[in-house]
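Put chains E, C and D with the ligands on the given structure of chain R with help from the hints.
Residue numbers (the numbering used here), protein chains in the order written: chain R, 1 to 330; chain E, 331 to 660; chain C, 661 to 987; chain D, 988 to 1314.
Read the hints as simulated data drawn from the structure, not as lab findings.
A virtual CB, placed ideally from N, CA and C, is assigned to each residue, including glycine.
Watch out, some of these pointers could steer you wrong.
Here are the simulated BS3-like cross-link-like pairs (lysine-lysine), alpha carbons at most 25 Å apart as the crow flies [as the list claims (entries may be wrong)]:
1. 129(R) - 712(C)
2. 352(E) - 590(E)
3. 352(E) - 515(E)
4. 306(R) - 1304(D)
5. 459(E) - 1039(D)
6. 407(E) - 636(E)
7. 352(E) - 185(R)
8. 185(R) - 636(E)
9. 636(E) - 221(R)
10. 242(R) - 258(R)
11. 709(C) - 129(R)
12. 221(R) - 191(R)
Far from chain D by the CB rule (all over 12 Å, computed), these chain E residues [unchecked claim]:
13. 334
14. 335
15. 352
16. 428
17. 441
18. 461
19. 540
20. 555
21. 582
22. 600
23. 601
24. 603
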Amino acid sequence: MKREELIQLYSKALLIRLFEEKVDWLFSRGRLWGTTHLCIGQEAVAVGVISCIRRADYVVSTHRGHGHLIAKGADIKLLFAELLGRREGYCMGKGGTQHLCVKDVNFLGTNGITGGGIPIATGAALSIKLRDEDRIAVCFFGDGASNQGAFHESLNMASVWGLPILYVCENNMYGMSTRFSMVSKYEDVAKRACAYGIESTIVDGMDIEKVYSTTEKILSKVRNGSPFLLEAKTYRFCGHSKSDPRLYRTRDEEDEWKRKDPIAQIEKKLLEILPEKELHAIRESLRNTIEESYRYAEEECKELDKDEALRGAYAYTNAYVSQGDIQCPR
Amino acid sequence: MKREELIQLYSKALLIRLFEEKVDWLFSRGRLWGTTHLCIGQEAVAVGVISCIRRADYVVSTHRGHGHLIAKGADIKLLFAELLGRREGYCMGKGGTQHLCVKDVNFLGTNGITGGGIPIATGAALSIKLRDEDRIAVCFFGDGASNQGAFHESLNMASVWGLPILYVCENNMYGMSTRFSMVSKYEDVAKRACAYGIESTIVDGMDIEKVYSTTEKILSKVRNGSPFLLEAKTYRFCGHSKSDPRLYRTRDEEDEWKRKDPIAQIEKKLLEILPEKELHAIRESLRNTIEESYRYAEEECKELDKDEALRGAYAYTNAYVSQGDIQCPR
Amino acid sequence: MRTQTLTYRRAIYNALDRLLSEDENIIIMGEDITEYGGAFGVTSDLYRKYPKRIISTPISEGGFTGIAVGAAMTGFRVIVEIMFMDFITLATDQIVNHAANIHYMYGGQLTCPVVIRTPAGGYRGYGVSHSQTLEACFMSVPGLKIVAPASVSDAYGLLLSSVYDNNPVLFIEHKLLYNMEVEFDFDTEPVPLGRARIVREGRDVTLVSHSYGVHLGSTALEELLSEGIDVELIDLRTLKPLDIDTVVESVRKTGRLVYLEEGNVFGGVGGEVVSQVVERCLPYIDGRILRVGKADVPIPASISGEREVLPDIERVKEAVKSSLSWS
Amino acid sequence: MRTQTLTYRRAIYNALDRLLSEDENIIIMGEDITEYGGAFGVTSDLYRKYPKRIISTPISEGGFTGIAVGAAMTGFRVIVEIMFMDFITLATDQIVNHAANIHYMYGGQLTCPVVIRTPAGGYRGYGVSHSQTLEACFMSVPGLKIVAPASVSDAYGLLLSSVYDNNPVLFIEHKLLYNMEVEFDFDTEPVPLGRARIVREGRDVTLVSHSYGVHLGSTALEELLSEGIDVELIDLRTLKPLDIDTVVESVRKTGRLVYLEEGNVFGGVGGEVVSQVVERCLPYIDGRILRVGKADVPIPASISGEREVLPDIERVKEAVKSSLSWS
Ligand SMILES: Cc1ncc(C[n+]2csc(CCOP(=O)(O)OP(=O)(O)O)c2C)c(N)n1
Ligand SMILES: Cc1ncc(C[n+]2csc(CCOP(=O)(O)OP(=O)(O)O)c2C)c(N)n1
Ligand SMILES: [Mg+2]
Ligand SMILES: [Mg+2]
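Bound conformation, chain R alone:
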């Protein structure tokens, strides 16, 4: 992989890590409310996959979606604004962490319903196919989500209809506290593809380069209308959400996975080709981005107010309108 590319991947992954750490910090100080699901430890999957695709490609995500959002190119400022419930946020503060969509970059939403994004992504792929467009849909979901009926129904339709969709399972071995091997005969979600005649493969989800190169190889198939299931073996370093004592797993297991930290891995590789100073500069610049973005959201943005909170349940419709004037988002 080229140096520039490597730096790119590194920067994206680190930006995600720093963002999540900031979010964690804000929570612990009571400056953020509600809930959050951090993707620390899983950055390689988001960055590796999404760096291979284009802006026009759709991404549908999960409750653990900040990494996907940032990798797809969302603006950190507007993300913070959204998490803080500010009007300037991408969703005016109405969505929050689990309902966060960024139309600009064709990011069709994080999703608070486990498995809820799978049919939506499949629907986006159907759109593409019907319009014969040159783009694809990428659908992230967890190991736990693969136990939902929506997974089965969606993969079946994607297979029968030949939809251009890449299903990416981030298998971090747990759905909340539930080890996947307790709720599935097989430890590999990829095995489930066999039921639909969909191709699948497993990749080391802690290695950005591997995720990237594996995805690249798969994408031409997907772009030709063959759905694909990519399973990335990964691990979330934190608890499931706030206040999870993680009694369901051992510290040994955690340590073992932390030794595979995707950011540390790529840093090590970069150090072989880049002076430490330059790396340091990258880090500092990203840290600044985070701090500056947060400051913007906290200080310059306004809380969602009453008028706006009570508005918007329905989209405006220009009564019955003929073809020309359809208020149809593209």
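Below, chains E, C and D with the ligands alone, put in the same frame as chain R:
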């Protein structure tokens, strides 16, 4: 197979056929209302499978369930009473063809929701496992039903928990008008078992003996807590329900399958070991059963009346009762 | 005027045809809607005219409704056919947690123009899983619109408006109305959502209903007229948003209100209408306010039993008469 | 008297413990209810005491609710935990088309004693998919009971009765109540389903509510008292069957009615209560009948926005005051 056994299987299958033909006739004369889904052509599956199991074993069925009911030992008189909406029917006329349960013989219901019976059967199997009982659950469903999320979720849990359940897919190639190959990459539902680490096999569903012997072999596994998926290739000779012009399939295809008529097949075998006269006697006796049962339901049973129709939404509960007196059905 | 006798079924078919021809961003998804033409024959041969845009699905109501949501978020207007309204329970998550929230929760970035067409209703002896009228379950869902045409021209006109609406719409058809036939004017304007229709003006009692209930009400009204009771009949047409103004105005005139629906009275649509009327014009009320509808039990398969459980003309007449007094 | 301070959470835990110890036909199913102790810590360490009967499931709400139905049809009493009430949309089919119909449609041959425990409610900034109060969607379902305890002792006493009830029960807990702590008497009798509780007697206005609304109402009541308005507060406790008699009796006394609920006003529970009251005692009414609750929009994640959408004490007070007059 022994002569007596063969006669048994034949009688059951023929009884189902005659029952369905009578139902069909009643519909065409406007003496039955609502809807019905006949299993003519598929008798071998119901009879072959259910003849292998015991009265204590649970059976959960589909919208096309008359055959399963009769094979499990339901009383024809009370079935007709139910279809005719009479108070003496198994469900007092409240259930009708698609909501027909016969507690006596551990038949936990036909089901109007495609796939709706799959989790119910799985729950019955969970009961068995928790109580460590010596029985199993048998779950019938169609090819179309295997596209429901309930199929996926149920088979997964049955597999992980090691439930004593036999899933029997009656693959008659169509869900209503939809050919299975239009809604599934593979033509075999059995292939889907691979996703759950469940064993599966395919059997000629037009051959009672084969269905019987195949089921017999499987059952010991199931009784030991290994769920199994048995796919029977079969065909419904009639339309999906009333007034189906069957435009979605050719008459050639129908003729080809009719040549495999399960009743004709077994009749032919029986003729080799039984005088035609005896066969004739069996037929006549079954015909009598059907006619006499219908006459009973039509003439001796009363319509569901107002009082009863408005009663029974809630089961009686003896307030809070301690363990001894629990109104708990077993 | 281009008129023709037309059934409710064909009115829907014609609206679909017109929509598909007007806008290639419109697609239809559902089970058995191609060769079979739909369980109730509504889509009929449309798949021949629009082979790519009539999409026959597996039996996966949750999945394909979710797929419809995804397609709608990316620029299509999707019409979903749920074969019987009873099966909508399998797509509830997609409707309540997804479709209905998209515009609001994403701060207006996206819309979700999905119309869920589905036939409700009993009186056919189909048994409980094929006879229910479940709109009441969706009344409290913000972001969703609910439409339930009772007439042939409303079926046509409201469907046009529903599909061009930028919000998810639950479009409730009725099995018993499919064969209803009237003289139909093809130059009929689309019917805007959210406006009730006064079916017949009257002095004594305001009878409000929707869907098949309007026909029950209409028959009851005729019979009551011969007994000297002059009923004003209102067809809500759209349940959400609710045109309460039309109802309130009528009640101000008559001083009496009866709500009639085929679904459960307990927890039904009537509760909302009665409550809003009471809030707005209690001092005008001059008689008992009553609701008629289904008894609070499941629907039995037996035809005779079903008749006892579902509302009928006698019970409507009784309620209207009771509403004339205080006891 | 064995008393102890106890939270709402622990009251439920204790009821579960008692139930499991009393009857080995009782099991619990749900996600993360073993080591993790449940998302809100309700089941806690029960799995240690009853390892076989606390069944941790995959994330398959529809499937395991259906499995619960099957287990209940074959002799178990099954308690299902749905982690957030919002996810019940995935099990709607199992509840509406199966559990609720079993006893009736099978002519009384079988019962389906499934209790679905689930926490509802907002005010936490969780965003729309984790904050809803959806009981209104189930009010019209025959065969189902709906219970929503507001107090610690009701959480305990109603859960006992719900589990020993032979019918499916939707048992609605509230996130904000889990930590509420009171002095609790362990000899508390089980609380029968279907009986409302008069929280405080009053002369001027009948304020009816359920679940967390009772606490909002209670605070509003205190403040109103200091303004000279004497509110009678009724906690329905069970929404279905509904103890309308208690409400009617109260309204006959006060002449005024306000319904307060956290869920949507439009299509909400209040509509049923108001309609039944109006049917039974309209002539006694002496003021506007009002409903307070959620605005008809999805729940925003922003805490400030959420406060505007969900009911609060100010709005309750306003409604109570308005109910005193006709304008
Ligand atoms: C329908 C539904 N059920 C349960 C939950 C609660 N929940 C949120 S995330 C989660 C675990 C999901 O596991 P997985 O899909 O593996 O994703 P991960 O959290 O590991 O990234 C659960 C149970 C939910 N949000 N939605
Ligand atoms: C949830 C649901 N969706 C659709 C239907 C309508 N329907 C009844 S039977 C049927 C076909 C079922 O196909 P299959 O499972 O193969 O059974 P078969 O009729 O072939 O025996 C359909 C679509 C239904 N009853 N329930
Ligand atoms: Mg996981
Ligand atoms: Mg079939």
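Hint by hint, here is what the structure shows:
1. 129(R) - 712(C): Judged against 25 Å, a Cα distance of about 10 Å means the pair holds.
2. 352(E) - 590(E): holds (22 Å)
3. 352(E) - 515(E): violated (38 Å)
4. 306(R) - 1304(D): holds (19 Å)
5. 459(E) - 1039(D): Holds - the C-alpha atoms of residue 1039(D) and residue 459(E) are around 10 Å apart, at most 25 Å.
6. 407(E) - 636(E): holds (23 Å)
7. 352(E) - 185(R): violated (46 Å)
8. 185(R) - 636(E): Given that 25 Å is the threshold and the Cα spacing comes to 51 Å, the pair is violated.
9. 636(E) - 221(R): violated (63 Å)
10. 242(R) - 258(R): holds (19 Å)
11. 709(C) - 129(R): holds (19 Å)
12. 221(R) - 191(R): holds (19 Å)
13. 334: holds (32 Å)
14. 335: holds (30 Å)
15. 352: holds (22 Å)
16. 428: violated (9 Å)
17. 441: Nearest chain D Cβ is 8 Å from residue 441(E), so the label is violated.
18. 461: violated (8 Å)
19. 540: Nearest chain D Cβ is 29 Å from residue 540(E), so the label holds.
20. 555: Given a closest Cβ separation of 14 Å, the condition holds.
21. 582: Consistent with the label, residue 582(E) stays out of reach of chain D, its closest Cβ about 38 Å off (over 12 Å).
22. 600: Residue 600(E) clear of chain D: closest Cβ-Cβ about 36 Å, beyond 12 Å.
23. 601: holds (41 Å)
24. 603: Nearest chain D Cβ is 40 Å from residue 603(E), so the label holds.
Going through the hint list in order, the structure does not satisfy hints 3, 7, 8, 9, 16, 17, 18.
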